[in-house]
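Here our numbering is used: the first residue of the sequence shown is 1, the next is one more, and so on.
FYI, nobody ran anything at the bench for these hints, they're computed from the structure. This structure is a prediction, so every number in the text was calculated from the model and none was measured. Take the hints with a grain of salt, since some may be wrong.
Ranges of calculated distance between the beta carbons of each label pair, as one might list FRET restraints [claimed, not checked]: (1) L51 - A31: 31 to 37 Å; (2) A31 - R52: 25 to 31 Å; (3) D30 - L61: 15 to 21 Å; (4) F34 - T67: 18 to 24 Å; (5) D30 - L51: 32 to 38 Å; (6) A31 - P53: 27 to 33 Å; (7) T67 - R45: 19 to 25 Å.
Result set (EDC-like, lysine to aspartate or glutamate): computed pairs, CA atoms no more than 20 Å apart in a straight line [unchecked claim]: (8) K44 - E56; (9) K44 - E60; (10) K44 - D59.
Note that the Cβ used here is the ideal one computed from N, Cα and C, for glycine as well.
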Amino acid sequence: MRGCHRKLYTNLDATEVIRTSEHAEGCRVDAHAFYHQQQLNELKRLAAEDLRPVSEIYDELASNASTSLDTAAYFPSWDQARNT
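Let's have the full structure, built from the sequences with the hints guiding it.
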């Protein structure tokens, strides 16, 4: 068995926990997955209100992420993200 199968539900910005399933408090947070999910949610939010192509919005987010050593490795290129 790999990983933690419990669930933690947050609001779209991941700033507030809405609810958790049983024993979710004991799960470790995967920082990479958490950051990736935040960026996908941000991309969805921006795409809904921005008239630019999604690839252009994504490139802007990737550029912002690449300026930080903590996040640069977590953000795949547009081609990598599109094919996942």
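Results of checking the hints against the structure:
For the hinted restraint 31 to 37 Å between L51 and A31, the CB-CB distance of approximately 33 Å keeps it satisfied. Between A31 and R52 the beta carbons are some 29 Å apart, a value that agrees with the proposed interval 25 to 31 Å. Taken as a hint, the range 15 to 21 Å holds for the pair D30 and L61, whose Cβ atoms sit roughly 20 Å apart. The hinted range of 18 to 24 Å is satisfied by F34 and T67, whose Cβ atoms lie roughly 19 Å apart.
The supplied range of 32 to 38 Å is met by D30 and L51, whose beta-carbon atoms lie about 34 Å from each other. Checked against the hint of 27 to 33 Å, the C-beta distance between A31 and P53 comes to roughly 29 Å, which is consistent with it. T67 and R45 have their C-beta atoms about 21 Å apart, which keeps the hinted 19 to 25 Å range intact. For the given pair, K44 sits about 13 Å from E56 by alpha-carbon distance, which is consistent with the 20 Å threshold.
As the CA atoms of K44 and E60 are separated by approximately 13 Å, the hinted pair is consistent with the 20 Å bound. For the given pair, K44 sits about 14 Å from D59 by alpha-carbon distance, which is consistent with the 20 Å threshold.
In this structure, every one of the numbered hints holds.
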